[in-house]
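**Q** Work the whole structure out from these sequences, hints included.
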Amino acid sequence: MTSLPVSKNEVLLEAWRKTLNDEIVHSPCKPINTPIEPLASRAMKSLLEHAQRHPQKPAVIDALNQTRFLTYQQIHDQSLSVAAFLRSQGFSVGDRACTVLANCIEFPVILLGVWSAGGVFVGSSPAFKHHESVYQLRDSGSSVVFTSEVLLRSVLSAAEECPEIKTIVCIRTSSALLPSNVIDFQDVINFAPLKEIVPVSMDAPCMVYYSSGTTGQPKGVVHTNFTYYAGIEILRSHFLDEIYPVLGVMDVDWYQDSQIISTGCFHMLGFGLLNWCLLTGAQVVMMEKLDELLYPKLVDKFKPRYLFVSPPIFAYLSKDPKGRAAALESVHLILTSSSPLSQEISDEFFAHHPNVKYIVQGYGMTETGYSHLPLLTREGATASSGVLASGFQQKIINTTTHQSCALGEWGEILVKSPSLTIGYLNKEEETKFLFDDEGWLHTGDIGYMDHSGSICIVDRVKELIKVNYANQTLQVPPAELEGILLSTPSIRDVAIVGVPHEAGGELVFIVKAEENLEAEDVERVITDKLAPFKRITGGVVFLDAIPRSASGKILRRQLKEIC
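According to this note's numbering, the stretch in the sequence shown is residues 12 to 574, in order.
Just so you know, the hints here were simulated from the structure itself, not pulled from any lab data.
Small disclaimer: the values here were computed from a predicted structure and weren't measured.
Ideal placement from N, C-alpha and C gives every residue a C-beta, glycine not left out.
Careful: at least some of the hints might be erroneous.
[Unchecked claim] Here are the simulated SDA-like pairs of lysine to any residue, each with C-alpha atoms no more than 25 Å apart in a straight line:
| id | residue 1 | residue 2 |
| --- | --- | --- |
| 1 | Lys41 | Arg316 |
| 2 | Lys540 | Ser498 |
| 3 | Lys314 | Met376 |
[Stated by the list, open to error] Here are the computed distance ranges between Cβ atoms for each label pair:
| id | residue 1 | residue 2 | range |
| --- | --- | --- | --- |
| 4 | Thr442 | Asn192 | 32 to 38 Å |
| 5 | Asn201 | Gly450 | 32 to 38 Å |
| 6 | Arg64 | Val552 | 53 to 59 Å |
**A** If you want it as structure tokens, here you go:
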């Protein structure tokens, strides 16, 4: 494997590491190119460039039915038809259009159509129940909704309580007639294309994506054309400058890349990967939903060099590897996030997939994009979540004193970057709490920086479990216990929440990998490996599945409702 000259990397990194004791730490990565035009404009130009170079190449493919695909030219042209349709409906600059869709090949067409019409794109989960859909549609103020035939009934029901909705468009999958107040998506893409993209400023909002609501009611995170494009550029440049050279790819041809998107595009991760591919020309394979059996087959066929995977997929590939080693032969790097990764799970993965050289983690939020990304300084797995991404600044503060933390000391992570949200939609007070007077964004995550400059995430501030032990109030991070338990072969998935208890305590939710697993077995794992104050005192509950967000984050609030 070819890598960058170690001496050059080490000289730069060592100089940077001398700044780690400073109150404010800056990124060691090369600065990004500052976005100068809206993402829609750049993406549409890029699609034409891709089409000229590869006119017949599928740009986005349906994972379940791979005869269904769109070329770069088709995405470009159909997007302008969507934009023309929206304008014909009175859709103006700043108006909001929402998708209630699972991943599908039409998604980029709708996205770029909304942006080309000057609108604001809103993503909504197809798994939402009625009250969740009503809340988000009302809060976002969406006037147009794009959905599918299978979700149409629930959308129509929600729309009855949302007077702002004027237009509903449905992607048909059968010959059944649509209600008279619903427009067929096929009729939309048959519109004569808009001749010119509607101009918008870089400071204008372009999207509202909702936080996962792991600790409370979801909040609409607003990004502008500038902040969101900056986030995409940070990710693209990091792979170009920091990842590809170490993987031995010195002359990057994005057209040789493919990306399997299993995370919903209504979520920031799936959405970001889609936009990255539209800009670079990398091929997209769209999975309608996470399918653990299909995923390795897609990897084997489309041969991506790197994978962005959620914790459930990573755990599946680690714990149920039969026949999957060959499927991952093209993969050299796996990037995961949302949940800390234990060394035991990584070792198990490497044992089954020796061709994978790096298992790394990133860290970010809907509010920030990726704020931390890995440097490939050595082969193997890294427990940290990477270093500050390009353009980011960071400080870590004590949650009680608000003073800066020393290297290695736990505290709340604060960041600044060009990619930060401008705030929460309709939530002025929450926005004030998000930023301090100096413009630092409070992530709400507890972590520390190690001596290499990497960030190590401990847990959410609100998720730390307080335990009274030996006349002390101690804090237990659920993620630490979860990592230990996940290394046990008989446990497929796990989540831990704090429960009301005289001394404080932990309640453990387990998905079994082996049916003979008992609660006592779970408790024994923690008792044998961790300090007494971390023992399980709240009990063990066995579930069929752990509730998680689209990116794999544990929805602890839902679990607490079970208690």
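**Q** Hints first: check each against the structure and report whether it holds.
**A** Hints, one by one, checked against the model:
1. Lys41 with Arg316: Holds - the C-alpha atoms of Arg316 and Lys41 are around 23 Å apart, at most 25 Å.
2. Lys540 with Ser498: Status holds; Cα separation ~12 Å.
3. Lys314 with Met376: 28 Å, violated
4. Thr442 with Asn192: 32 to 38 Å: 36 Å, holds
5. Asn201 with Gly450: 32 to 38 Å: Check failed, 47 Å falls outside 32 to 38 Å.
6. Arg64 with Val552: 53 to 59 Å: 54 Å, holds
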